[in-house]
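If you read the sequences in order, they're chains A and B.
For the first sequence, UniProt numbering assigns the number 1 to the initial residue and increments by one for each residue that follows.
For the second sequence, UniProt numbering assigns the number 1 to the initial residue and increments by one for each residue that follows.
Here are the simulated EDC-like pairs of lysine to aspartate or glutamate, each with C-alpha atoms no more than 16 Å apart in a straight line:
{"hint": "1", "chain 1": "B", "residue 1": "LYS414", "chain 2": "B", "residue 2": "ASP437"}
{"hint": "2", "chain 1": "A", "residue 1": "LYS17", "chain 2": "B", "residue 2": "GLU452"}
{"hint": "3", "chain 1": "A", "residue 1": "LYS21", "chain 2": "B", "residue 2": "GLU452"}
{"hint": "4", "chain 1": "A", "residue 1": "LYS17", "chain 2": "B", "residue 2": "ASP459"}
{"hint": "5", "chain 1": "A", "residue 1": "LYS26", "chain 2": "B", "residue 2": "GLU498"}
{"hint": "6", "chain 1": "A", "residue 1": "LYS66", "chain 2": "A", "residue 2": "ASP42"}
{"hint": "7", "chain 1": "A", "residue 1": "LYS76", "chain 2": "B", "residue 2": "GLU455"}
{"hint": "8", "chain 1": "B", "residue 1": "LYS400", "chain 2": "B", "residue 2": "GLU455"}
{"hint": "9", "chain 1": "A", "residue 1": "LYS66", "chain 2": "B", "residue 2": "ASP437"}
{"hint": "10", "chain 1": "B", "residue 1": "LYS493", "chain 2": "A", "residue 2": "ASP42"}
{"hint": "11", "chain 1": "A", "residue 1": "LYS21", "chain 2": "B", "residue 2": "ASP459"}
{"hint": "12", "chain 1": "A", "residue 1": "LYS17", "chain 2": "B", "residue 2": "GLU455"}
{"hint": "13", "chain 1": "A", "residue 1": "LYS76", "chain 2": "B", "residue 2": "GLU452"}
{"hint": "14", "chain 1": "B", "residue 1": "LYS414", "chain 2": "A", "residue 2": "ASP42"}
{"hint": "15", "chain 1": "A", "residue 1": "LYS66", "chain 2": "A", "residue 2": "GLU46"}
{"hint": "16", "chain 1": "A", "residue 1": "LYS74", "chain 2": "A", "residue 2": "GLU46"}
{"hint": "17", "chain 1": "B", "residue 1": "LYS430", "chain 2": "A", "residue 2": "GLU56"}
{"hint": "18", "chain 1": "A", "residue 1": "LYS57", "chain 2": "A", "residue 2": "GLU46"}
{"hint": "19", "chain 1": "A", "residue 1": "LYS17", "chain 2": "B", "residue 2": "GLU404"}
{"hint": "20", "chain 1": "B", "residue 1": "LYS400", "chain 2": "B", "residue 2": "GLU452"}
{"hint": "21", "chain 1": "A", "residue 1": "LYS74", "chain 2": "A", "residue 2": "ASP42"}
{"hint": "22", "chain 1": "A", "residue 1": "LYS21", "chain 2": "B", "residue 2": "GLU404"}
{"hint": "23", "chain 1": "A", "residue 1": "LYS66", "chain 2": "A", "residue 2": "GLU56"}
{"hint": "24", "chain 1": "A", "residue 1": "LYS21", "chain 2": "B", "residue 2": "GLU455"}
{"hint": "25", "chain 1": "A", "residue 1": "LYS13", "chain 2": "B", "residue 2": "GLU404"}
{"hint": "26", "chain 1": "A", "residue 1": "LYS13", "chain 2": "B", "residue 2": "GLU455"}
{"hint": "27", "chain 1": "A", "residue 1": "LYS76", "chain 2": "A", "residue 2": "ASP42"}
{"hint": "28", "chain 1": "A", "residue 1": "LYS26", "chain 2": "B", "residue 2": "GLU502"}
{"hint": "29", "chain 1": "A", "residue 1": "LYS13", "chain 2": "B", "residue 2": "GLU452"}
Honestly, the hints are just simulated from the structure, not real lab data.
None of these values were measured; they are calculated from a predicted model.
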Amino acid sequence: MAPSQAYPRGTVKRIVKAHTKRPLSKNADIMIFLDYTLFMQDLIREASIRSKQSGEKGISATAIKKVRETSLRKFKG
Amino acid sequence: MTEPRPKRPRTTPRNSAANELELEETPFSTLRKLAAVAPKHTTPQTRRTPTAGPLSTGRHTNKTPQIGPRQTARRGPPTTPHALKALEARRNAALTPGRDRRRSGRVQRATPRDVLRNLSRLLARNTATIEPSPQLHGIQHVRSGMLDEEDEEEEDHPPAPRLSMPFNDLSDDDSFHVKPPRLSLALNDEDTTTRSLEANRRATVDTIPRLSLGSTRLSERFADLNELGIDAASILDEAGNVTVDDETARDLLEQAGFDVDVLLEEDTRDGQAFAEALRRGGRQSDLGVGAEAGQEVEDDTFRFVVPDRARSVREQREAEEEEDARAEEEVDEEQIVPADELDDAEAEDELDEEAANAEDAQERTLREDSVTAAERPQADPLKPTAKTAKRKRKELKLSKHGIEYPSLPPTVVKRLATTFLRSAGNGNAKINKETLDAIVQTSDWFFEQIGEDLESYADHAGRRTIDEGDVVTLMKRQRLLNANTTPFSLAQKFLPRELLQEIRMPTPAKSKKAKKRRMETIDEEESVG
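Build out the structure end to end from the sequences listed, making use of the hints.
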C-alpha cells in the first residue's frame, strides 16, 4: 500500500506556507501530506461510490464535484 | 349498659359520685344511677359538640360536615406531616380574611372565565352606557337632510337596518369615509345575513349595468368609490332601483321611517340619469382610454382613475415579465454554452454537468477571498483555458496573505488518486483530464482549509511555527486518529518508507528539539518585530 515514490516536499511546504504565512517545522509537511493522503482516499472512495450509484465506469469530474464539498467539510478541523 | 362504666377510666365528678353512691342502694342513688346511665348514650354526642365547636368554626361545619367529626376524632396534636400541614393550613385560613372560601371553590374560580367574570363585576360598576358614536349622529343628520319630513321620529329609532344606511350615507359629502364597506350590502338585501361580504360585492357588481368597465376590477375597488369623491349616491340610487323593487326592502325602509315612494321617485330619477351617463361614458371609454374620458366628463368618477391604475399595473407587469424572460434567456444561454463545450470534451450528462458547474460557481464565490481577480479567469469553468493553464504549470495562485503558491503537481495527484481508485475497487479505472482538474482544484481547497486550521492551532498554542503537534491535533479533530490509530500507523500505511523514517527518527527527540526551536523562532520574531 505504501507508495514507494516520494512526493514533492518543497511544493507542499510552499503551499502550506503560502496559506498560513508561517514557518513550518521540519517534519510537519510530512504529516500534512499524510493528512492530504487520507483526504484523497476519502475523496476518491466517495466519488467512486457516487459514480457507481449513477452507473458510471470509473470516476468522473461530476462525481468529484458532487462529493468534494462533503469531503472537505469532513476534513475541516 | 350500666356495666361498661368501669371500662371508662375518664370519669366525670358526677360519675365518680354515682359510683360512690352506687354502693348505698338508696332510691336516690338508683335514680341518680338511672340519670347517670340514661344520658350516657347522649353524653358522647353532647360532649363532642362543644369540643367540636371551637376547633371547627361554624362555617366549616356548615359547608363540609365531615370536617368537624374528623377534627374531634383526633386526640392530641397531629403528628403526621399531612396532618400538620392541614392544621397549619386551617390556622392560616382562620387568620386570613378570605377564609370562607373553600379550596375547591378557589380552584374553580381560577379559571380564565372566572377571572373575566370578576373583572366584569369590577367594571360593571364603573362603566356607563355607550354613547352613540359620531357616525350615528352624522347618519341621523343625513337622514334628516335627505327626507325633509320625519326628522323627529327618526331620532328615537334604533339604528336602521343596514339596507337603509347606504342611501343616507351616500348623499352626505362631508362624511363620505364613514362606512365604505357597507355600501355593497345595500344592493343585495335577501342575502346579507347568509352570505359573506365578498360574495355580495361581486354579485352586486355583476347586476349593475356598468359591466363594461371590467367587472372584477370594479368589484375589487368598489370601496374606493368614496375616496375618489364620486357622486356615489347616484350610483347607489341606481342600485336602489334594484333593491326597492323588492318587497322586503320596501318593508324595511318603511320600518325605518322612510317614505318609500318619495325615495323611489327621487332616487330613480337621479339614478337613471346618472346610470345612463355612466353607461355612455363607460362604453365609449373602455379600459384603455381612461384619462381622456376623465377630462371629457365633468364629474371625475372612479372609473376614469381605475383604468389608469389598472393599465399602469399591467404595464408594470408586462415590463417585469419581459425582464424575467430576458433574464431567463440569458441564463439559458449561460447554461447552454458550457454544456456544449463539455459535450465536445466528454460524453456526459448535460444536466449533471450543469449542476456541477453551478456548484462550482458557488464554491468559487465562497472562496473568492483567497483568490485574486487576476487569476480568477483561470479558475473559470471554461475548460480549455484551465487546461492550458494547468499544462503550463507556471500558473501561480495567490493565497489570502498575498503569497503565490503552486498547486500540487497533477502527476502526483494522479498517482495518488489512481492508487486509491484501485483500492476502492475500480480495477483499471483511468482518470481523465477533467476529473484530474477537479481533484487538483479540490486539493488546492483542501490545503487552503487545513492551512487556516493549522494557523489557528499554532496561534492558540502561542507559536509562530506550525509543527507536527498541530497537524496531529488537526487529524484528531478530523477523527482520523483515535486510540487504535496513531499517526505512525497511518504513516506506515500511507507514506513511502523514507518519509516514514523521517517521521520516526525525530520522535524521541521531538519534544526537546521542537521546544528549543519554538523558543528560538519566537525570539527571532520578537526581535524582528
